[in-house]
Structures are given as structure tokens and as C-alpha cells.
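Engineer: With the working numbering as the guide, the letters of the sequence shown map in order to residues 58 to 1109.
A few of these clues could be false.
[Stated by the list, open to error] Taking CB as the label site, the calculated pair distances span: (1) V956 x T695: 53 to 59 Å; (2) D313 x S130: 35 to 41 Å; (3) A839 x A1057: 33 to 39 Å; (4) S1014 x G756: 33 to 39 Å.
[Unchecked claim] Below, simulated DSSO-like cross-link-like pairs (lysine-lysine); rule was C-alpha separation at most 27 Å, straight line: (5) K365 x K341; (6) K1022 x K814; (7) K769 x K801; (8) K596 x K771; (9) K752 x K639; (10) K639 x K771; (11) K426 x K490; (12) K540 x K639; (13) K639 x K773; (14) K594 x K555; (15) K771 x K801; (16) K540 x K628; (17) K555 x K596; (18) K596 x K540.
No lab work stands behind these hints, which were simulated from the structure alone.
Glycine is no exception: its CB is placed at the ideal position from the N, C-alpha and C atoms.
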Amino acid sequence: MEGISNSLFVFTICFSASVFLRQGSGFNLDLTNYTEFSGPEGSHFGFSVDFFQTRSKELSVVVGAPRDDVGPSSGGSVFLCSWNSTERACRKLNFDQTGDVNLTFDQMLLMTHKSNQWLGATVRTYNSFVLACAPLFHWNVVQENDEAMNTPVGNCQLLNMQTGEIANYAPCRGYDVENTYQKKGGFQDRRYCEAGFSSDITKDGRVVLGAPGGFFFQGQIITSPLQNIMSSGRTFTPVHNVKEEKTSNEMLEQYDIYLGYSVAIGHFNADNIPDYVAGVPLDKNSAGSVRILNGASPFYYRSMISLKGFQVASYFGHCVAVTDINSDGRDDILVGAPLFMEHLSTHKLREVGQVYVYLQKEGYRFSPKPEQTLSGTHTYGRFGITIAPLGDINHDGFNDVAVGAPGSGEGGLVFIYVGQSDGLNPQYVQVIKSPFQSLAPAFGFSIRGGTDIDNNGYPDVIVGAWGADKVAIYRSKAVVMTKAQLSFLPDFLQPDEKFCRLHGNPVSCFNIMLCISVSGYRIPEEIVLNTELQLDKLKPNVARRTLLLESQQPYSQFQLTVKRDIGTFCKNLTAYLLPEFKDMLSPIFISLNYSLANTHEAMLHGQNLAVGQTQIVLDCGDDNICIPELALAARARTDPLLIGDENPALLIITAENHGEGAYETELYVHLPPQTFYQGVLSDEEGFSRLLCGLKKDNGSVIVVCELGNPMKAKQKIMAGLYFSMGGLEEVETHVSFHLQIKSKNSLNPDSNAVEVKINVQAVALLEMRGVSSPSECVLPFAKWEPKDPPGNLEDVGPLVEHVYELRNKGPSTVSARLELHFPLQQNGSYVLYVVSNASEELLTCSADPSQIDPLRLVTAEAEFFNTITAPVHHFNKREVKQQEQEVQEQPEQHHRTTVHVNCSTEPCVVFSCEAPVLQRDARAVVRVTARLWAYTFIQRPYVNYVLGSTAHYEVVSSLSKIQPKVLPSGQAETNTSVVWRRPDGQEEVPVWWIVVSIIAGLLLLALLSIIFWKMGFFKRNRPPADDDNDETTHDLKEEQSEYADISPKDQF
């Protein structure tokens, strides 16, 4: 049983107190400037804590260290840490530090065992007394051959700090041995009492102890006046006798329930005698309960009210606390269940802990169900292991509560909850995190509040962390209650009334009056506030409509000093409206933010922000509310749209307002997919040039055009908007534009919604042309001898190519098919010899392989060379002379014919080609390469040939969901001429050419004769005489003499 009691004690101890102070908000604890005290390492310093105040009003902190070494054993110690000491040192109090004591009494040996007794597991102070309990103090009685066994009865020591006197109080000590207990059937067996497991002291000085191991762990509540304990316990006597001691009595069949696991004090009936609240965590089949014992019971304490737990093994009643939460003058009860497990949505359980709030009703009644339930948020956080009333730490009239969760966060957390008229605020207002860095500090295991340690009028808080052997003291700062007011003159702003001047220009202005008042309990004499005034707060800086006249800025930062005795400070500023801005409708919000300049001694509570609003006066009648009546019409000027066409779509918009002014009026255009705004129609009379831009709306891009601010009554606007259209290939029938006019007016702000549908069509225009290279082949060929069969391509004849080009003139992209017929033979003889499959661009062609190079004259290298570099024959004079000799040997042909060879009657090779994607302006080219079969033509001299191929195309489909109504088709022809030349290289002149030439010559001669006759050319003088010859000859000789020296060679 001793092992059971040890594990019971080590699990936890609940510390609570009845504090008769009003609770506050709890958020004014100074978490930065805390005070820290440390104890011996491993001593569990901080396992229990309490405030201690001497008669001189000096405050200190009492800290229990139940594992501190005392002499040869770890009996435990209690430390006193002085608050006023600059060294922040702690000294060990002079509790009993002696070892085990053996006494002889009436032939009995009485033995005490103080090793590991856990002195300091609970500590409480009252005036000049300090109560420290050791619940594992052991006691044994030996009589002859029998003994009572060494069991933890528990012992508390009461130290008078003024006199140094110590009194022991071990109410469960007895002098019976095992045989005696057996004879009594175990009745009144308190050997495992563990008195002092929980403890408290009433306002009138009555010590209350919880002894959860008494009566076979049924538990017991034991009380006794403090003065009587001091009187009877100054010496350790064998017989326990304290006057006016009262206990709860043993109840049959209610064992192993741990009554007294936690205790608290309060008033729960009409008398003025304190009553006792005791936790019973294993009552009700381990669901737990809390019992309220009547403090006025004459002999044994009896239960008045019992509060039942809600979950097995949640340890409901592990900790109890009493305080007036809702300030109704009645004590309320808080119950901790740190092992409560919540049900997750995954059907799993998670241990979080809970705290239950029971508010005492009129007539001293409690509801069986708690008015409030507070739940932890950290798994295994042990939320609710400690509950400490803090008092009214901000003097708002309601008490506050701290809840410890030593397993939460990084080392433990303490949650501060504020009181209000209906109980606790369910949301904690402050969280104290562990400031200690040890492995498991158990911060928040012990908490004590309700005492003002720094004399600023606000109660402070002690938090123990026995795992780190430390405690921390958090001071409550003074709470400054503030209230701010903003007012404007005039109340509404008139943009047209300009009574102020800025840089010489009149502006519309108004006055801003701000006042801040402060109040609070024991606040500093001067409250300095950092203040910020924001004009048009809801607008971004670039869009604000009002500025301060002095700085031309929309904000101002300054400090205000408010005297505590005066309590109020006011300030006036002047602001003005900008000459131009967009938003005329929405209110102008002006905000005033302020905070304490020095937060070391005080903090703000209540209002720290004031917001006022003013309105711009509009030309909308007496009610200053404009009700527009917007109408919208739209149509498409470009209908239908052609797929692939680059011309934009044009929408014609007509907007009208038949009502009052519409402010910030905008046209919203929701576009079809892959449609982009290009611009406005600007070169048409009567159309407005709207200012449009792009805006995102629910992930899509829309076009927003400004129509006016305001769009005045009876105003009509016409405009044209251009849009580039993309993705028309995916359109099934039409595209839709959705348009609507929207304004910022509060009533009837929008126009009718309009949908404009534009039909979409697919249209394509194709053309095809062909060309032959060369267009004419001339026979005979120079240096060519017929070979049958030919050995290579040069033996066949010259290169001939037929090239066809299919062009898509658009606008739509299409898929087309082309079929090319190319001649091969005439009367069973080759005329053209196809050497390769058709080469192509943007086309895929196929043909009968047996008709292409059937004699296998092409090698890969020869084909490349012949196809790319084979020249077209050009004849020179030497080649012509050689051909003359060959032709002279053949009989002259006086009658020439021309033979047309095409695919209508002769065998041909057919090339089938497909163009799967033929975009606008794309050109698909087919090239057929062949050799002229020269041998066939040499066998038929002076017979001219025309070799013709044909190509036919048709559009299969358009590459869009919409198909053309008519699929275009067409054809083209290409001819190659094969002609013969005469041996002299000239062609025979027709007879009629000769006749015409002779007649033309005779006519020309006659015409010249007539001209000369008219000019007197035929009228000659007589012949010269003989004597005239001499003179003439002489002259000639003289003339010739001038060039006598010129040789005949030089004359030419």
C-alpha cells in the first residue's frame, strides 16, 4: 500500500486558494520584466509557492522544495525569497531539519521516518505563519512482537516567522498496532492518510488539510484552528490532541476514491462559516466528483452538494478553485480534469484536459452541468492541473483566473482567462510561456495570485517550474482606460464651398476635432500617448481624397500628454478636399490610433482606436442619394467573323442615363476566350474616345471602360471597341460578348445586361499554277547518240520538271488533297521517263512505285546530281553545224505536224498528295522530275510534240469546328514543247512572207522616185567643155596634193 500512496502523491498536487478580490482582464501581466528565483538543483524548488507578508508590509515569496537534501536524507525544505532584496536570493526557513526520532511511550516504541517525506509539497501562509506539509512523512508503532507498519501518515509543520517557533501537526498518527486494526475490522484505519497532500487556510485562520489516503484511500478532510495547532504541537508528543479539530467521517463502501485530493474554501450557504470544496477524482466509478462540505457541521463534515464528472479516468476534481467570477457576490467553483480526452473526427482520442466553471446561483444552488467548459489544445498538455484565482488584476470589477498546463508548448504554458458578467471569457487573453530552457521545467505546475507584491495596487502572479528548480514572478501593470472621440465641422463636405487657401488657390476644407480621455486605478500622473491620425483610412495613399492643410499629407504622427488630474486632452486640425478625385460616393473614414509611449509601468485597456466618417454632398436632391437609370445597347459591326481573318471585331456601344447622376460609371465587357482588347474607334463623328483598361475578375480578364464620374442625367455616349479574335477554330457557331454598365451608387447602380452574339464562318480561297522547266526542248541534241536500252540517265535525254504550286489565299486554314497526272508514253513508246517520286513542300505524296524509274537507272548519288545540277540544253553554233550534217543525210520533210500527249488518252503516272495543314498564305509545291525519252523523238524527225500534265486540287475540310459552306476545288495544266530546228538553224520562211516583202519593196521604190522627182533630182546641166576639164583637173590635182603624203594604208 505504501507504493500505491507514493504513486498517488507523485502524480500531482493541486494548488488553489480562495481569493476575495475582484477579477480583471489578465492581459496586463508584464511578461518581459519578470523576476526569477532559483533553488538547489534537483530539489524540486517551485513545487509549491505562496506570497508572504510581514507586519512591516514587506513581501516575500515562500517556495517549497520537497526533494531538497536535509542532513543525510532528502526530506525537503522551504525557502523564503525576499522581493526587496537586490540580490534576488532565497534562504532556507528554519523548519525541522532533524533526522528520524524514536520515542518510548507506555511500553511502545514510536518511530518517525523523515527521509523522502516531501516537506514543502504544499505551502501556505497566514499572517506571520508559514504552513509546510510533508504528506510522505512515515510513522510506525512497535509493541512487543507487533507493529503498526511504517506508513505515510503525513505531517505538517507550522512556523511562526516572528518567534521562530515550530509546531508539528500530524492528525493521522495513532498508537494502534496491526492486531488492533484487525480486531476493529480495519475501521478508522488512517495509516495511509498522507495528511497535507492538499492544504489551505481560511480567512479566520483555520488550517484545512486533504488526506486522500485515509480510510483505505477513501480520503478525509481535516481542519483545525491555527492557534490551537501552535499550542498543542510545539513538542512532538505521542498522543495527538488538538482542540476544535474536525474531520469528515468514514463512509462505508466508498473506498479508493481519494477524497481530499484537492481542497478549496468558500461560502455556499447562508451562514458566515467557511465551507470546504474537496476533489474526489476516483469517485463515481472513476468519473470523479467534487463535494462541498458544510463548514458548520457539528461533529463531522457532511456533504451539501456533489458535482459529478463526465468521463472515466479524466481525474475530475484533480484541482479545485473558488472565486467570484461574475461579481455577483457569490462564490463560484472551477474544477480541473487534466486527463480529459476529446474525440477526434478520426474516431481517435486525444488527451487535452478540461476546466469546468460552475456559477453559484441564487439560493446557493449549482447546476449539475457546468455553465462553461474550457479545453486545452495541446496533446498531453495537462491543461487544468492547476487553477489559480488571480483577483482583479486590472480593476475592471471581475476576477480573473490562471490555468496551468505544464505539459503544453515548450516547457509549459499558463493561460489567463478574464471574468465577465456571464462567467469567464472562453477565449484566453494572455499566455505565459515558460522562460526556462531545461528539458522538462513543468512550468505552470504551481501558480499563486491575488497579492500585490510591488505595491502598485494590482495583484501579481507567481508561477513555479519544479523541473527547472525555478519560479518566476510576473507583475501586473497599471491599466489605463482610454476613450477617444472624433468630430468634424462641417458634418458634410461641400466640394464647391472653398473657404481655405493652399498655395494661393482656394480649396474646400473642414476641421477635425479629436479628444482623448484617460482614467484608471493608480495610473501614472502623466500619460504620454503616441498618436497617429489617418485621413481617408480605407483608401490607399495614392487614392486618398483628403489631406491635412498644414503638411499636405494624409496622416500625422504626434505625441499627446494627458494629465491624470485633468483626464482629457483635445486637439484641432484642418484638412481639405483634393480638387479632383474619383470616388464621390463612399464615406471618408478618419481614424485615430494611439498607444502608450512608456509601457513599463502601465498598459492601455479599452479603446485605442477611434474612427469617424464624413460624407461628400452630391447634387442628388435633399436626401443626397442619387438613383441612376442606366441603359445599354450594343451590336457588332463585323458580322460574321472569318476564321483566320486578321481584321478585328468591332462592337458599337450606346450607353444612356435616364435617371440621376451615376458615379464612377464603368462599362464592363466580358470577353470570349482568347479575345484581346485593341482600342477604340476614333475616326467616326459622334463617337467618344473611351478610356479602357484590363481588369481581373474571378480569374478571367475583362475590359473596363470609364463612362464618367458622374455620368450625368440624360447623358448619351456612343463608342466603338475593337477586339482581336483568337481561338475561333474551337468555336461551334458564334462568340458572345457580355456587357453591363456598373456604378458605385447604392441604389439601382447597374444597367441591363447585354449579350452580343457574332456568327463565325470558315472561308478559304485557293489558287494553283504550274510551270515546266524547261518549257521547250529543241531537237536534235548535240553530241547525243541513241542507245537502246540506255545505260544511264544521260542516255535517256535531257531533264524535264513540272512544278505545281497550291496557294491558300485564306483566311481560314484548310486541309487539301491534290492529284497530279504526268504523261509517260505515246503509242507504246516512252516520251517521259520519271526518275523519282514527286518532291514536295507541305505535302505528302504517293504514286505507283513500278512507274518510277522502272529501268533502275538512278543511283542515290546520280539522282542527287542529276536532279539538282543537270543543266538545260542550250545550243551554240558548233553544235548546230554538227546537226546540219546529220540532218542533210536525211530526206527533207516538207510537212510538219504537232502531236499533243496528255493523260486523257495515254498512260500516265498519278501522284496523290495531301496537305493536312495549309494555313493562310501558305504554298504547297509539287515537283515531278523526269527525263525526256529522246530516242522516241529521234525516230520521228520533224514532228513537234506538246507534253502536258494536269493537277487537280480539292479542299477536304477546314481545321476548325465550323466548316465552309462550299469546299473549293480547281485544276491547272503544264506543257513542255518538243520542237525541231532546220539544219541552218533557221526555220522555213512561208511563201506569203516573200510575196508581201516584194510588194512592200516595190512600193517603197516608187515612193522614193516620186520624192526625188519632186525635188528636181532628175533635171541635169549640160556636159562640161574641153577647156573646162583642164581647170577642173588642175583643181583636183591641187586638192589631191594636200593628201599626197598620206599612204593608202593611212586612208583606211
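Engineer: Each hint needs a verdict: does it hold in this structure or not?
Structural biologist: Quick rundown of the hints versus the structure:
no. : hint                     : result
1   : V956 x T695: 53 to 59 Å  : holds, 56 Å
2   : D313 x S130: 35 to 41 Å  : violated, 30 Å
3   : A839 x A1057: 33 to 39 Å : holds, 37 Å
4   : S1014 x G756: 33 to 39 Å : holds, 34 Å
5   : K365 x K341              : holds, 8 Å
6   : K1022 x K814             : holds, 20 Å
7   : K769 x K801              : holds, 14 Å
8   : K596 x K771              : violated, 31 Å
9   : K752 x K639              : holds, 17 Å
10  : K639 x K771              : holds, 21 Å
11  : K426 x K490              : violated, 31 Å
12  : K540 x K639              : violated, 34 Å
13  : K639 x K773              : holds, 20 Å
14  : K594 x K555              : holds, 23 Å
15  : K771 x K801              : holds, 18 Å
16  : K540 x K628              : holds, 14 Å
17  : K555 x K596              : holds, 23 Å
18  : K596 x K540              : holds, 25 Å
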